[in-house]
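Novice: Construct the entire structure; sequences and hints are all you get.
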Amino acid sequence: MSSYDTYKYDVLVIGAGGAGLRAAIEASSQGVTVGLICKSLLGKAHTVMAEGGIAAAMANVDDRDNWKVHFTDTLRGGQYLNNWQMAEIHAKEAPVCVRELEAWGALFDRTEDGKILQRNFGGHKYPRLAHVGDRTGLEMIRTLQDHCIYQGVEVHMECTIITLLKDGDRVVGAFGYERERGRFKTFHAKAVILATGGVGRSFKISSNSWEYTGDGHALAYEAGAELIDMEFLQFHPTGMIWPPSVRGILVTEGVRGEGGILLNKNGERFMFNSIPDAYKNQTSDNEEEGWRYIQGDKDAKRPPELLTRDHVARCIVREIKEGRGSPHGGVYLDISWIKKKISNSEEHIRKKLPGMFHMFKKLADIDITKVPMEIGPTTHYMMGGIRVHAETQMSTLPGLFAAGECGAGLHGANRLGGNSLSDLLVFGKRAGEYAAKFAKENKAGAIDEKQINETEKYALQPFERENGDSPFDVQFALQDMMQQWVGIVRNEEEMLRAKEHLRLLRKRSANVFVNGNREFNPGWHTALDLRNMLIASEAITMAALERKESRGAHFREDYPDKDPNCGKYNLVIKQNASGEMTIRQEPIPEIREDLKKIIEEMK
Amino acid sequence: MPTATFKIQRGDASIGTFEDYSLEISEGMVVLDAILLIQAKYANDLAVRWNCKAGHCGSCSAEVNGIPKLMCMCRMNELPIDKPVLVQPIKAFPLIKDLVTDVSWNFEVKKKIKKFKPRKPDAADGSWRMAQEDIDRVQEFRKCIECFLCQDVCHVLREHHLHERFTGPRYFVHVASLEMHPLDVEDRREDLKKTDGIGFCNITKCCTNVCPQEITITDNAIIPLKERIADKYYDPLKKLFRLFRSRKRNS
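Respectively, the protein sequence lines represent chains X and U. Numbering-wise (this note's numbering), the first sequence opens with residue 7 and increments by one. Numbering-wise (this note's numbering), the second sequence opens with residue 229 and increments by one.
Please note: incorrect hints may appear among the correct ones.
Per label pair, the in silico range of CB-to-CB distance [as the list claims (entries may be wrong)]:
| # | chain 1 | residue 1 | chain 2 | residue 2 | range |
| --- | --- | --- | --- | --- | --- |
| 1 | X | D371 | U | K339 | 40 to 48 Å |
| 2 | X | T117 | U | P346 | 14 to 22 Å |
| 3 | U | G244 | X | E472 | 41 to 49 Å |
| 4 | U | E414 | X | R189 | 33 to 41 Å |
| 5 | U | D310 | X | K345 | 58 to 66 Å |
| 6 | U | N437 | X | R503 | 52 to 60 Å |
| 7 | X | K345 | U | Q360 | 18 to 26 Å |
| 8 | U | P349 | X | I594 | 36 to 44 Å |
Honestly, the hints are just simulated from the structure, not real lab data. We put the beta carbon where it would ideally sit given N, CA and C, even for glycine.
Specialist: Laid out in structure tokens, this is it:
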């Protein structure tokens with residue numbers, strides 16, 4: 007007989023980063039009861055790591071900006087695989103969501119006339135990112151957290167969900183454990199929102215923390231929901247690479263937004279050498295004009311360092327591969343060079359990028375106001391995820407909603423920097439609103455005790471084995487393998503090998519052994535996370551094999567060009583009746599006439 | 229590569245022991261790297277909290293050689309490795325297991341602080357105008373990552389266990405960020421004096437010294453708050469005035 011605590015809510019939100027918190031706030035303000043599950047302590051989720059800013063066309067710095075430009079930038083960046091309806095909603099609603107944060111106490115940096123200051127970022131035509139130095143994510147999560155705690159939302163900290171509970175097709179709750187004592191918890195809910203973030207932990211070099219094991223992706227998939235765009239995994243161009251212990255830690259795009267340039271070992275500014283056609287008419291081809299853009303000259307075009315992340319990351323990889331990399335296998339990111347342009351550069355850099363200054367000083371013994379940083383690409387963000395309805399954020403299963411990184415559609419083949427934080431706000435809010443509506447319109451479903459018993463048994467198996475692999479060893483093997491074969495440059499041969507290895511790793515993961523007891527036992531937590539990591543990895547590999555072209559973040563050296571035919575569909579992944587992963591092409595719906603016109607006008 | 233020995237506190241409140249682990253130290257390594265390596269290699273069940281590993285989230289607070297620190301920002305080359313590196317959980321809160329303590333009290337305390345209450349918007353679109361100079365000092369407080377190292381080192385909590393009567397430096401910083409917020413119109417002075425117990429702080433600046441975000445907690449947050457309370461309750465002229473008024477009312 008199972009032993010667990012039971013909780014009942016109208017809406018259960020799984021994940022307490024920006025999207026989860028925003029969803030919880032919205033749902034509770036609709037007058038329904040809300041439970042919120044955090045994998046860590048409240049306020050520690052990955053949103054806290056976001057540095058650069060929130061993209062919203064408020065036009066505070068450049069009055070030419072508006073939702074249409076933001077919408078077009080998002081689609082161009084996503085190589086037109088985006089869900090255009092989501093891109094439209096996002097561009098229109100982001101400014102309101104940013105102002106809402108201010109009404110809840112957020113203090114963004116200001117313009118001369120006292121408005122919210124906006125900064126330049128890759129792929130955004132005008133300065134668009136509302137920010138607080140280089141700690142925007144902290145400001146955002148703390149603001150949401152400090153607003154949410156007065157809303158009557160019940161928070162379950164350090165709690166992990168192992169399975170979603172179902173009544174027929176409908177999702178009616180979740181089952182998991184709390185970390186402290188290892189006790190099980192059952193949650194009944196009329197609607198469930200997944201806001202669990204990304205999958206970066208499946209890769210060796212990653213900016214993601216231990217939490218980002220694809221939980222939402224896997225929970226939804228196992229419950230029968232569809233995943234889309236799983237081949238599109240963003241490698242952020244600038245992660246720290248030296249010393250080894252900091253490898254992968256994020257260096258904000260804000261460094262380039264403030265004038266930082268990329269150099270190879272010969273001191274050459276290599277980004278000038280390859281500007282894609284789609285961006286030729288908005289990118290400067292000389293140093294002088296690029297600097298004028300940074301200084302706010304409206305007639306200047308932006309420097310090539312502010313091209314989209316997929317492109318910049320690939321250019322860096324090319325430099326390294328062709329022998330022009332830095333001593334530790336990266337390239338240089340230099341902000342100190344602006345001392346040639348402004349007299350108080352040291353003070354300016356420390357004011358605009360205090361976190362980066364502190365981090366490099368403390369962890370790498372480098373003063374970024376004086377010398378260049380060594381950087382290289384790091385696994386950063388999952389564009390793909392749970393397929394949702396654009397307006398309601400409901401997945402393909404009734405009662406199951408998704409928002410934030412674990413949801414998909416907005417970003418297409420590549421996400422623009424800053425569009426993640428605005429995504430969390432816009433679609434977190436919508437998920438909360440529509441989940442509350444669903445909860446009001448539907449009675450609670452039935453909970454299947456058998457499903458709970460089976461899950462409990464499964465979860466405790468690692469303790470029952472006499473010996474076996476360490477869960478950490480399996481995790482490391484997975485990370486090495488995915489990094490090597492399904493990373494930033496892909497080909498068929500390596501990915502087939504990866505597929506085979508995933509099969510072996512699944513076997514190993516089913517036989518891991520955990521010592522000790524259930525009280526705060528990271529070995530056990532890792533053992534249970536492995537399944538999610540493997541599902542996400544398999545989905546990524548399967549979709550990446552299927553897409554035989556290079557587009558956005560997905561680069562195939564055996565198909566290095568874009569194929570117009572491949573631009574007509576998204577790839578959808580779903581579990582079939584016998585438990586196997588299947589994939590199919592889903593045509594992208596014809597874009598609405600008025601939106602098509604906007605895109606044409608902005609070309 | 230040099231080898232270091234780590235003496236790590238293991239067990240829960242009932243059985244506290246120290247266990248030794250030896251590890252090769254590589255270039256640039258931080259204490260958290262060592263702890264995670266030990267966890268993966270020798271002690272899968274070693275309990276520790278961490279998230280960002282870059283000093284942004286405030287999860288990996290512990291005491292290294294007796295000093296409260298974020299383990300992710302504590303470089304091995306700052307520590308003498310000719311003797312064992314002592315790693316213990318923070319002390320001001322109940323131990324759960326190994327390096328993990330029950331910090332839930334902090335989250336409860338925050339809920340009791342009056343929430344942000346803005347003045348009416350300045351513009352029709354619901355937005356406000358603020359000068360950067362006016363928000364600089366509040367932005368300093370908002371850098372807080374809630375690592376609770378200031379709470380850990382504060383003797384009112386650590387030695388005297390006045391958790392019921394004193395909210396601690398973290399929450400004085402929080403209240404300061406609200407009280408000095410240019411838009412906020414709430415008054416929290418009475419709570420500060422009566423329920424938050426700011427009077428227990430005798431400004432030894434221990435909190436300021438351990439803050440990984442380099443927030444000048446004592447000088448910029450606590451002392452100005454104390455001054456505001458003094459203004460409200462202890463201004464001799466106002467006191468006379470209040471006395472006079474209450475007499476008049478009573479007569």
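Novice: Which hint numbers doesn't this structure obey?
Specialist: The structure conflicts with hints 3, 5, although it agrees with all the remaining ones.
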